[in-house]
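Here is what each chain is made of, one letter per residue.
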Amino acid sequence: MTDSPNLEKQTEQFRASFTRVRDEMMKMMVGQKSVVEGVLVAFFAGGHVLLEGVPGLGKTMLVRTLAEAVNLKFSRVQFTPDLMPADIVGTNMIAEDENGKKSFQFQPGPVFANIVLADEINRATPKTQSALLEAMQEHHVTVGGTQHRLEQPFLVLATQNPLEMEGTYPLPEAQLDRFFFKLKVAFPTADDLHTILDRTTAREHPEIRKVLASPQEVVELREVVRQVPLAKDVQTHAINLVLATHPSEKQASPLAKKYVRYGASPRGAQALILAGKIHALLDNRYHVSRADIDQAAPAALRHRILLNFEGEAEGTNTDEVIAEILKQYAG
Amino acid sequence: MKTPPIDVVLRNLRAARRRLSSQLLLTTLVKMGLLAGAVLVIFGAVNRWLLGRMPWDPQVAAGVGIGAAVFALLIMIARRRSLPEVAGLVDRLGETRDRFLTALDFSKTQDDGPMRAMAVEECVRFVGAGKFAQLIPVRVPREAIYLLVPIVAVALLQWEARESFAARQTETVAARAAVEDTARKLEELARQAEKTSEESKSDELKKLAEQLQRSAEELRANATNPEEAEKSALREISALEQLVQEMQKSTPSVTPEEMKALAKALAENEATKEAAAEMSAGDLAKAAAALEKALQKLEENKDERTSEEIKKALEDAVKKLADQKQLSEAMQKLAEQMRKAGAGKSGQSSEAAKQLAQMLRQMAQGKTGQSSDSQNAQAMQQLLSALQNMKFGEGQPQPGGQPQPGQTPGIVMMESFGKGDPGAVPAPGDPQQPSGQPGSERDTGTTDTPFGKDRVKPGENAQAQQIAGRQGEGQSLQQSLTSAGDSSKSNRGYKDLYEAMAPAAQEAVLQENIPLGSRFFIKRYFESIRPKE
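Each protein sequence line maps, in turn, to chains W and F.
Sequential numbering from 1 applies to the first sequence in the working numbering.
Sequential numbering from 332 applies to the second sequence in the working numbering.
Think of the hints as simulated: they come from the structure by calculation, not from any bench.
Here the structure is a predicted model, which is why all the values come from computation and not from measurement.
Warning: the hint list may mix true and false statements.
As the list claims (entries may be wrong) - Pairs of lysine-lysine residues, derived as DSSO-like cross-links and limited to a Cα-Cα distance of at most 27 Å, are as follows:
| id | chain 1 | residue 1 | chain 2 | residue 2 |
| --- | --- | --- | --- | --- |
| 1 | W | Lys232 | F | Lys439 |
| 2 | W | Lys73 | W | Lys27 |
| 3 | W | Lys184 | W | Lys258 |
| 4 | F | Lys462 | W | Lys232 |
| 5 | W | Lys327 | W | Lys184 |
| 6 | F | Lys562 | F | Lys826 |
Stated by the list, open to error - Some chain W residues close to chain F (C-beta under 7 Å, calculated; not the full set):
| id | residue |
| --- | --- |
| 7 | Met84 |
| 8 | Pro229 |
| 9 | Asp233 |
| 10 | Val234 |
| 11 | Thr236 |
| 12 | Tyr286 |
| 13 | His287 |
| 14 | Ser289 |
| 15 | Ala291 |
Each residue gets a CB set at the ideal place from its N, CA and C atoms; glycine is no exception.
Bound conformation, chain W alone:
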């Protein structure tokens, strides 16, 4: 067990690291502070992020910047309909040694990196999409009967375009549930566009400094996050939020009862708590409050709620359901 002064120092270090990484990323990203913070919360919580937004909003740039700031290995996979699972996880290839002896040698795919950008993930076939399932949840891949562990920390940042739905394969629920957060990248405002243009069309480009020294530092910071305690009532609040998304539960909100087919999974509650802990640390607290949980709720729950046909037909989105639930439990 870590003693109190050391723990205090670690929490201070966590706050400093988080803030510095965010500041570095904000050098490249303009007007997407909530998205940047969401990505960092998921990164320090050990979760994966699904970014949704139209092309050209800097999603790829965001991921690349993050990799540079935290000094981690980065790889990018452009998902296309003809992309095969082996193209992601790697394959066994015949290799000849100095003696002329031939043997199968595993050639790692792009998934063998600390930060993987799965660009336009919904353009690949479900078969290829599912190749990421094992990597995302178990942090290892199996090729030719051999398990290959992925390096820690491992983070998948997937992007998808909500407009061009033709020729796409929507992610299955099982895979969606594996994403810690689903963040919506909004179109920048006019002021933000001015800043973007100023930064990208000038001669000088901002330089991203490496904040963290090694991947091990990320793992240690993640350990600090998990030590943050929370009161029973706060945990109950998180559970209530999740249960309220289920139309069959007594806590269900009216909208959930009407438009939701299936609510959030227990992974949703885990995401709420972990994100709440990070928010508490960032707020110089050593305990989680209900406000921390509420703050994380939209990003943690929106992709875990499945609307029914009526909800789809009415044009309702899951954010409205979550907003109503938060209002219901705001007291």
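Assemble the complex: chain W is given as a structure, and chain F must be docked to it using the hints.
Just chain F, lined up with the frame of chain W:
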């Protein structure tokens, strides 16, 4: 690592809980006050307008108030919040990021990791730096303004009831004073009727005396409104009058005066002298036997002279009877029949004589003795006259209860205004004529002692007559109206009845041959029973 103490957190939470309880008590008190006010208003309204009582007494009002306060206190105790509930509320109101809740929760486990201790420390530090009890305000609820409604309603109801009851009390006193005189007279009549009934041993008079006493008591008890009291007195007297009239019907139809006149007429003839003597002696059975004996002689026709004498005696007696003005109905019929017989055959004359004998026998076979019947009839007649005088507002008792000269104690008389000339037109300004004011008529009647034994002649300038009202034999309509004081329902019903009956009454008054002096009383009587607009 040990969790640090959270005294400051608990202190703040307890203070907040006290304020919450106070606020809850205030709110509950206001709600209970509204409820108690509504109960008091409804209770008071029922008492005031349905039961006709004062809305409430101080004990009831105080009881309701105390009950509401106690109930509010009980509700406050029952709904007293626990410390975690208070912590949750303060956290929400104070935006303390659940520090109260966390400190309270973490303090339950003494050793559960360094981060918990750090969290509690941070919470205690945060709570110690602020004032959170003030987050829960203690103020009068907004609903308190609505308490004005029941308060004003209660005050108005109380005020209205007091005013109303004070006015009613005054009216009751005035009404009792108004009927007191009548009630006293009725009691006097009752005493005298009782005395007479003891002397004559008459049950009917005894019952009448009891009825008079009861009427006097009811008159006093029901006297709540001066105007109604007057009508009530008239109603009581009318009812008594009717009762006496009904009792009179059962008395013999021939008065003692008529009997004396008949005896006198029969005594003038030798043949019927024996019957006349028996009649004068009061033995009607013997008189009837003597008369039948004379008739037997007449039928046998043995002695022509005797037969003629008897016939003549009977005819003379009938003539004299026919000349009498105070004949009863039965005697009038008999006289008429005998008068016709006098002009016809002797057989018809003897038939009439048979009827006379039969009537005498019936009278002799009466339940009570002739003397007591006569006394009862006289008493009832006098009582009836007294009641009529009371009804018309006459016969006020003289000071000292002494009769005026020319009047006789123990008799009730009404002086005829016509002075023996019914057709005479009264001169203007004549003080002997009705003035139109109650009690101002020149009436020498008195009710001081209506049961006197002797009757004397009236004054020289007046002719004494007894006027006895009698129930007509024509069609009549009676309707009972349930009355409860000033109930508008009974007033309306009475008004309808009066409007339906007034034309018939007016027509009857115009058609009937009513003495001029009585016409005013009748008119005034109908005026008095006319419903007010």
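Structure-based check of each hint:
Note on Lys232(W) and Lys439(F): the hinted pairing holds, with a Cα-Cα distance of about 11 Å set against a maximum of 27 Å. A C-alpha spacing of about 20 Å is found between Lys73(W) and Lys27(W), which places the hinted pair at or below 27 Å, so the restraint holds. Proposed proximity of Lys184(W) and Lys258(W) is supported: the alpha carbons are some 24 Å apart, at most 27 Å. For the hint linking Lys462(F) to Lys232(W), the alpha-carbon distance of about 25 Å falls within 27 Å, and the restraint holds.
With a CA separation close to 21 Å, the supplied pair Lys327(W) and Lys184(W) stays within the 27 Å bound. With a CA separation close to 14 Å, the supplied pair Lys562(F) and Lys826(F) stays within the 27 Å bound. For Met84(W), the suggested interface contact is broken, since its CB lies about 46 Å from the closest CB of chain F, more than 7 Å. Taking 7 Å as the C-beta contact cut-off toward chain F, the hint placing Pro229(W) at the interface holds, the least distance being around 5 Å.
Below 7 Å, beta-carbon pairs count as interface contacts, and Asp233(W) has one with chain F at about 5 Å; its hint therefore holds. At a threshold of 7 Å, the smallest CB-CB gap from Val234(W) to chain F is about 6 Å, leaving the interface hint in force. The beta carbon of Thr236(W) is not positioned within 7 Å of any beta carbon in chain F (closest approach about 11 Å), and the interface hint is therefore violated. Checking Tyr286(W) against chain F by beta carbon gives a least distance of about 4 Å; that is within 7 Å, so the hint holds.
With 7 Å as the threshold, the beta carbon of His287(W) comes within range of chain F, its nearest partner Cβ sitting at about 4 Å, so the hint holds. The restraint placing Ser289(W) at the interface with chain F holds, with a minimum CB-CB distance near 4 Å, inside the 7 Å limit. Of the supplied interface hints, the one on Ala291(W) holds, with its beta-carbon coming within about 6 Å of a beta-carbon of chain F, less than 7 Å.
Hint check: violations occur at hints 7 and 11; the rest are consistent with the structure.
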